[in-house]
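Colleague: Each of the two chains sits in its own frame; use the hints to bring them together as a complex.
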Amino acid sequence: MHFYKRTAAALLGALALTTGCQKDLLDKVNPNSPTVGTFWQTQTDAAAGVTAAYSALQFPGTYARWLHFANDIRSDEGYSLSPWTDLANFTRFVQFDYDLEPTRVIWEDHYRGVFRCNQILAYVPAIQMDAAMQKTLLAEAHFLRGMYYFNLVTHFGNVAMILEPSTVTSSPMQATVEEGMAQVVSDLQAAVADLPVANDVGHATKGSAEALLGRVYMQQHKWAEASALFTTVINSGKYALVANYLDNFTIANENNSESVFEVQFSSVNQGGGQDVAGASEGFERAQFFGPPGIGWTDGRARPWLLTEISEKTVSGADDPRRDITVFHYPMLLFGQTYEQRNVPTTDTFWHKYEDDRTQNFENYFSGINFRVIRYADVLLMQAEALNELGQTAAAVPLINQVRQRPSVNLTPLTATFSQAQMRTQIMHERVCELAGEGTRWLDLNRWGLLKSQGTLDVLKAPSHDPDFINFVIGKSEYLPITRTDLTADRNLKQNPGY
Amino acid sequence: MKKLLLSPRYLLPALVCCLPSVGVAHSLAAYRPLVTNRAPVADPVTGRVTDEKGEGLPGVTVLVKGTQNGTSTNANGEFTLDAPAGATLVLSSVGYTTQEVAVTSGPLTVRLVQDNQQLNEVVVLGYVTQDRQNLSSAVSSVNVTEAQKAPVGTIGEAIQGRTTGVLINNSGNPGQAPNIVIRGLGSINGGSSPLYVVDGLWTDNIRDINPTDIDQLTVLKDASSTSIYGSRGANGVIIITTKRGKVGKPTIGVTAYAGVQNTVSRWKLTNAAQWAAIERQAYTNAGLPFPGSVANPENYADTDWQSEILRTGTVQDYNVNLGGGSTGEKYSTNFLVSGGVFSQKGALIGTDFNRYTLRLNSGLTAGRFKINESVQLAHAFTTLANGQPFQDAIRLLPTIPVYNPSESPYTAGYGYGSPAANTFGTNPVGSQTIETRTQYNNRIQGSVNAEYSFFDFLSYRLNLGVESLDYVDRDARRFGRISQNAPTDPSFLTESRGDNTFLLAENILNFNKRIGEHGVNVLVGYSEQRGKNTNTGATARSFVNNAPGAQDGYVLDAGTGTTSVFGNVQEYSKRSYFTQLVYDYKNKYLVTGSFRRDGSSRFAPENRYGNFGAGSLGWRISEEDFLKNSAPFISNLKARVSYGVNGNDNIGNYSYQGVINQNVNYPFNGQDVNNGQIQTSLASNGIKWESRYTTNYGLDLGLLDNRVTFSVDYYTSTTKDALIFPTLAAALGNPGQPPYQNIGQLQNRGFEFQAGYQQNKGAFTYGVSANLSTVKNNVLQLAQEGQVIGSGATQTAVGHPVGAFFLIPFDGVFQTQDEVNSYKNAAGKVIEPFAQPGDARYRDTNGDGQINDDDRVYYDTNIPKLQFGLSANAAYRGVDLSFLIQGASGNQVFNVARSTMDRTDDPSNFRADFAPWTPDNRSTTTPRALQAGGATSDLQAAAGSNSRGSSRFLEDGSYGRLKNVTVGYTVPKQIISNLRGFSSLRVYLTGQNLITATKYSGPDPEFVNGNFFQRGVDFSAFPNLRTYTGGIQLGF
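Quick note, the sequences are listed as chains F and B, same order.
Using my numbering, the letters of the first sequence map in sequence onto residues 1 to 498.
Using my numbering, the letters of the second sequence map in sequence onto residues 1 to 1036.
Worth double-checking, as some hints may not be accurate.
[As the list claims (entries may be wrong)] Calculated pairs, EDC-like style, for lysine to aspartate or glutamate (alpha carbon to alpha carbon, straight line, at most 16 Å):
(1) F/Lys28 with B/Glu571
(2) B/Lys268 with B/Asp913
(3) B/Lys586 with B/Glu517
(4) F/Lys28 with B/Glu606
(5) B/Lys532 with F/Asp27
(6) B/Lys586 with B/Asp625
(7) F/Lys493 with B/Asp854
(8) F/Lys460 with B/Asp938
(9) F/Lys135 with F/Asp194
(10) B/Lys999 with B/Glu955
(11) F/Lys493 with F/Asp99
(12) F/Lys493 with B/Asp853
(13) B/Lys513 with B/Asp456
(14) B/Lys761 with B/Asp705
(15) F/Lys135 with F/Asp200
(16) B/Lys829 with B/Glu819
To be clear, the hints were calculated from the coordinates, so they are not data collected in a lab.
So that you can see chain B by itself, here it is in the shape it has in the complex (with noise of 0.2 Å):
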């Protein structure tokens, strides 16, 4: 071992230089300070760790207290130590409550309670630790245990529905993390994503970080809890923690399961001859001649366009750890390897996620210093679909084939519409097969944490940590056409690839003393970041080689055509002062405080500098007499309040600078192209920082040795200064994106409540927790008086949620034309002149007379009013059941799919109980079918009319979904003991997405939306997958 002692000084500053990786503030608890007190002579001690039911518990650990001198349980749960007559055994496993015993004479039996709902855990608070219980802000921390259940790539998904003010939508589609808001959008255009925190390394992305390999993940939401992050922690941080190995004789586990996978559900479309019928219904109240597909579908092709693009995906997830620790009397170490692969094939053709993951985490304590390491390395290789798939599946007409041999001359084999079956939409399959979208991201994300306790109050932490990404796009498409709407551009490959690097450095003085009553731990830190990106990329073009999925030829020396090329790089930095306060008197008072100032170079000079801060006051009632006294069953009471504010600057490089664009160009002679340069976008002048403030008043709840838990939590928040892009007059000449203007003002409010239950004694042990979140989002100010921000379907104003639906309203079905000519509004003008009975009615909300954009209104339904999730788990000789069903409810959806398909002027296919207005069909909800183009202006003006974007397409979103169901079986002990080399072994069978209950016509109501503003609107996106997966969990 003394080896082992002289390597960490050329490790320390091997890893500070060549591998910046750094270091966590975790579970410092763990390691406490230490005390290098030299051990009275120490005897053998044997012992017996069983759990509750008393069975002896594996894998415990066992330290002599105060020393580093440790083992672990074996698989029976049975220890020997050498520790001296009167010392205490510290006895700690992750889901139990630690115990301390003292050293008596005699084999020791202990039996380790599990930890009810981790009361007494410790908590990440920034750069302090804090026990649970002594805790005044808003955290949450997610039971990972069970989220792990959930077979999916990411930890992102795995988490909806188990915590509250936390919003989470996912999608099918393989390789896409999911949207998390953390108690509303904050921000307008500053980002609304959280800040992910993992072992210390500040982080936007942790798709490629493998769920097994997560610990403890915690939920910052209130300032008080995350101002500490100032310019970061604005949208709320999500603090995970990765495993690692425990001191005692090394252990490898294996985790394993696969299965199936299939979108939850489809659209039921008309098949060619239902189609047909509604055209010419449309066809012939529009008085026009049928086309040809429209008179003849026999004539023509019968295509499920749907299940033409669909499959059944499959997903394997295989994971191997091997972990460990040593411990002797002047230092300890730690260590886990742990490798993951993640496969999923997508149930959309051509779609597909694998993932490669690595992790290394290790630690050493050795007498007054201590470091940690922990870094991942990912591999992930994803094919993209392209296109909008499940949007043109459902534009794409029945009469049109896959496949057209004779199509030409652009002869790449796809149907993609004639005359006679008339469409703008793209061959699905076509787009997933003739282009070739993929990525390859090498990503490393590490950090080390070193830290040397000057006195046992006083510490010095130096925390570095870095993320590195390598990338590899490619984009390669074959020429050939798949619209009678795309341009047949020459076949062309484009190859982006680049490096983003990030680079964190802080530097804490830590005191953390304990004086008579009064519990103080203050710091004080300085922090540098620093991230780089650097992009280069090409593009070449006509390649010879046009086989639909062609890969060989596909490299930008083959291409025979013009090329070009592109690349830039960014960069940005940031440096920050900051200090964090945590106080009790007699653990019954409780007191924070942080303070941060923060640099960006995002911003200009004047700007650069912005103050976050907060404070947070506790009171646990359950300490003082009276309550002990008057209400024993009452094992936790405690009130809080914290208020404080911090900022965002999530807005992209430079953008306070305005640029020359150097490539405005243009060939004067007709041919060479010369070169211009001018200004072509408009600066954000003047931008600084976006602020938030919080307000946060919670009472959290035990009865009954916290069997039975509750909290609650209310909360105000206000951004101010919000960075926005204020909609521009396109007459400014500013195209795309706008500038940044800090002009915004928003307000989130929202309830949490999260309560649960747990009993774990006896034979039969089973828990509930439920928990539900309210929020409630308004626009305070925009740029100007009057200024709002269209998007869509929605449109963002002052009074309204951030991407409120700005619709016209949808006022039924003329039945009659004495409706229709009585529909006047006061001055006596009829409104829809045009209309015939069948033709949907509007309400002229500005009484003008006409129908037009100026009468649309808001409507406050894109947020879900509440969420919720409930989950139960139970356990009885081996068998183990658990379920999650988690929801939303109280929000409306713009279904674009159905407003494409209800539109009978421009081609798509039809729902198959679609049923237009007849005469015979008098329907209230549908208007007639009626072709555009038709034969007098009145029919045009009508079917115009009818096939508006209005709230006829605002459906109720609400839902509530079976999203887990897990059973399990652990093979008893006693069986496995008998197998050599195996310590534990459990199957299990895991449903996702199993029920879904919703008035939603599409087929998934909870869905991605990537536009900010559009969040409420589907835009076909990819439905959620419905997965069966079988598994196994070895321990050696």
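Same shape as in the complex, but just chain F (with noise of 0.2 Å):
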């Protein structure tokens, strides 16, 4: 019987051995990653979760994609023939699924960025850390947040505000555009305070936030404001414009002297996903707006541009920005001619951006940053806030800085201008310097181009932009909130007309 004895006295040991009363079985920490109660205790932290609000920059729906559709191919400037039919009716004021790809990522991407900076706003004022370090990204955080918040309210109008951490159980509420504007104000003035006049490259400075804050006052008519604005941005002589135009849009001469604030984007990373290692930095939109055989072409550039972008330098020449902003035969793309790409002679493309000065190709992961605000265009919103406040005469020597760029040459304005004259005037030179640089959105509203059936008819000629025929006032201003929003918040009432 010792066999038997012996099993079982081997039973009870794998008795033992199978249930080795370990306390803490059920204790498991995830190892992969720290948790949030243990993170946000130190400076490095505080950075971390800065440079990681900074990063929601580069999503899809913020700058590396989705919004240029909406900015720039949305309006009068682009257009676009996509064989992805919803997404070319996405710019053509034709939208039926209002969880549409392009309308939903930037809503959700800019979020994204809210909550990041919603973190930081609540959690690095307890840590210990260096006070002047901890007053500067504090305000970095509120830069940003008013950024996406700017975005959201000139898209979405009536956007969800949303200012502490989320939970799963948050139910924000929804502001008017006033109120998101206020909010908008309120986050700016705060980063224009505590933001350093010079700061790291790539981040934002006291200029980034001044400038921005006098971009959104321009969009309230608060012309004083923001020409109060531009002063101390000019006047800080921190800025100036580069002699080469084209630096302003090449991987070559970044963070220059003329970038108030850019989107950072890299090419090094060329891996998948978002937020994890080796994930990509880079910008998508060259893919996206690239002539055929090289890009998507979803994006295209509308052909009245050549004839505004049309003055001669002084030496005769066409004005050098037409063919930088634009693709138009026989220029060659991306090496080749026209006839090689069996492109017709008509098509016209967007060039700003493309990388076809260093490279024979486009991928997602171009290296070329987003000039968010050039000073460029702080000096042509100077003069038109100095006009709208009867300045004219003022803004003329603005507007011939941009003219006069070395690189570009134009003839200088001599001519006396009425108030309105420069309007006209301003108008074209910004189509001439900033077109495709997502400022036309705001330029048609601040102008009011969208607010009555007379200006919708100009832009809508066969000429201009036939897309306006579907634009519709009171509704097309804004992109319909998301589908998942509206169910998931009992909050959220869908814009006017959708």
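Modeller: Here's what the structure looks like:
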């Protein structure tokens, strides 16, 4: 019977072995990441958090891709013939699916940025750290949140307003356009107050916040407030136009003297996914706007830009900004002729921010930084603000600075302008200088061109942008709020007309 | 044999320590508690065992009752055994009723009767076993022998239509496990797959279990049978017991089949000329010029994309097994070694599945000690389908060539569209060849079950189980373009490898005794489970060799571009205390009860433990004298009722903790990447156990010695504190999957009927079995008042089933301008002012005078109201025939492929019978063809409106399918016995998925959609396969 005793003993041994009575058996700590409870303790944590808040600028819905469709392609400067009909329709003010990727992702990705800023603003004040650094980091978070909300209010109007770190039970209220803009102003004022004049490369500075707040005031027709900010920026002596206009759109001369704020992109990582190691830090616009055979050509430049940018330089040449802005016949498309690429000679494509100056292809990993605000824009906005304030003559030298950048070198304006004439002139100057840089949608709104059928009739002329035949006043100014949010949060109501 | 006796002492510790695989609670009845009587003097007994027709039955186990002394019959059914006078012999064989006969002088002749409906079988019920006749729970046993006739790779596919209450959806995708749901969708986000228990091992994966090795398959459906599985029982449990060797002469079995496979159906599509004709209507109506291939299709390709991606697949299956066992006075052993090869060349180009399995099952009983072991090693290799080949095949235009040698500058050489033939579809030939995705799995699933009986009524049992998976997933994508809408990323290779280990240990003390009229079985147990998954992977980019399909040079070292790495570890554990009671009085009044307390690492400490329990009552009315006397033809009548609760913690690990993402990076100088860290997704704060409460009423009836059987069940189950992902406003900044919350409630109700008739007497035997199940799923509560979960064409909301369709109602086609102008709401607003004759009309359900998302209504038709199966078998003189018809009805399917093809604003191919409205063809169901981007805003609005994914694309999804027909011939024993070495030979032909009756316009009404909320949406799924095979079964 030894056998049985031994087997019984072995079984009991196995019992002990398999049920080690490990007290903490059920306590499994996530080995993959720190938890929220253990983070936000040090200066390093705070700085890493702020880096993460900047990182949201690179999402497809922010500056990597879709925002440019909303800004440039929906505006009269651009149009779409995308085989993805829903995308083309979106740029034509025809949208049936309110969860359509472009609108949904613009909304989502901006709020991902907001969530990050909200965490910094909630947790960083409690960290024991260098006070100056703390102040700067908090001001950067205010700047970024102001910028995210400004884009949201611009495109969605009545946005969900959330200013605390979200939890699963958060249920934000909807803000009116006025309330939304007030929050933007409040954040940017906080940023202006605490941001340093000089900051590390790529970070927001006091000038960035002043220029952006000025742009916000411009949209509200608060000309004096805007002008005061632009004056500070101009007088700071920190900014100057670059001699070569092209330097604003290539990878070669990034973060230059003309750059007031730019979104940083890099081709160094080409991995998929977001917010994972090795994920792309790339700019996708060049791929989406690239000419046939190179990119998707989902967004194209309207041909009227060619006639608008048609002044001659002092030496009688064509305004060099035209070819830098738009591909048109018989320019080479990434080293090949229109004929070689089998492209109709009447087609025009966006050239700004394309990579043909350095490579013969496009992909989702363009490293060109996107200049959100250039000093040239500040000068033109100041000119406009002064004109609106009745100081029309003071606008002229500002405009001439832009016209006479060495590489552009148009003849300076010398005539005496009425206020109305100056408005028209500024409209022209802004297209020539800034076409395709995301300002046109703001301009159209600020100038009231989307408010009356009369001005819309001009815009929708077949030679200009016939997509505006679908524009409905009181509706098409804003995108529809995503269905997901309306169903998830009963506080939110759809925008008018949808 | 002494040697054998010695080895176990070393064997056991070795098994416990080194081979962490473990045992199962299965057919304990085969190993009755041992009584080590000293046997009286034995004399040889001879005899012959036959079936009902008098033919000798080989392989019948013959045991001297109360001992392990036994043998098995030879090819002619004869046996010789030393047995003392007055002893009783127990004769048993699978499929036959076990018989006991007293030893008499002279040869014995025993006729075994086929087991009718397995009424006397033993059923595993958690940690105890019970005779089926005493069962008071809702439990279905599947006829595995019939199911194994299906030429399929997994048992899950094979049991479809053969049992009640189990909804199974298959597809033709090689290596894809079917969707299996028991008694309705019981959880919203916690997963609705049942728990599988294979020889005692708890697992989620039975794809790699060789179907041929399976002996019994039982489906536990109600709470009284599943609540002992606690937190894993909520979605039902499928218990699988594998075959074991039988005492007697070792036997060798060989089975093999091979055949061809094609998809059951495909779309009939337009060719280039037909396509262009419809497109010309669309462009003309929109006032737009024709693109090149619309104007002149004759100058372009004429590609039949479906033919390009489909081929005749093959399926092959080979099995060899060697089994046997020995028995002596104090011990008995059994062993089975089984090897299998299953190989499938997919009907879709570039797909295949190959699986090699090796099973080793063995057991030893020695006195009071007993140990059984069961382990399978499986090696599976799958080449996966890429992208959405079946959707792309209908989306790509016929005027696009498969190959385009002049395609530049991305020189993969595929055609993918151009402004002349404009589409955003992907070349499906390209997607299957430019990229190769493979999965390489090595999986061990095993268990050891050791038991020691202190007394004949008290035993201690230890179950150890292990599942270990080593995998390598590879994804090699060559450089090149296959779509107008895919980036020309550098070529890459991603290799991801890892191991998942699951360990299970259960300690059970079991009391089982009949005390007078009282049968009592009580046990208590303690269990721990641990799991750990580790994963490591890397991606390398920019490979030199870009030939489509190239494998050479695709190793991580060969990449010349940027690389990235990833990896993570997941751990989880569970601790459980449980008890179970089975009681009967006079085998007439039946009571069971169970309780389990589970603690799971997946919940925060304050919510870590959950309690689950159930009870059932049964009354065997047919055992009552009044019925026995008054209705002797009633051989079985039993009423039963059960109620209980079980849980679900199938929610992934660590989700209650908010975590910091450590790679939220940004390149501040436009080049170097700076590290950022922050919380990027929300935590599932405060989550706790989800609980499912089920009530079940059942009645079983057997007539005429159980030749006729009938059984009916009604159940209602309510899931409370359901773990759901509440749809969060994106404004909260949480991308992707939202966190869990316990806020849902949902209900499932249904009837299940099963009827059978079996006639086994005489030369002609036959049987019929039919089953029918209904289910009604209803959401009772979601996160907040008014909360809904939208997903594509579906929305989940209170008062509707999970994943109900939510669509704008299509209301025909405007025939005249008057109809357009007079289509107004109550306030007199023209609802579709942009429309012209031929445009789609939708119902303005909210009366606001416009058509938009607010007009969507629910269609609660996404789940089949009933499903049915009908199987029959017949045999006559060696010829056997069986068939299975299976189907579902009462549901609708949202046909994505048709919604893609029938929209004319966006380029795709068309159905061959697609006839849009024209003034000469005034269709009432298909609007006019209208390209997007038309000349006027009205035309643009109309084009968009006509293309809406409305109720127009909901179709009747009912179907009936001749699932399986098998005809076989068994060579008579007299002939076989002349062939040296052979003991049996059967040849057969099988057809699978032969005929489908349905109104559904898509290729297959039975499909798999992996999105939980969109199970009713056919997103151009991989159709099922029609298979013809021939096979052979050999015994040695």
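Colleague: Hint by hint, which ones does this structure get wrong, listed from lowest number up?
Modeller: none
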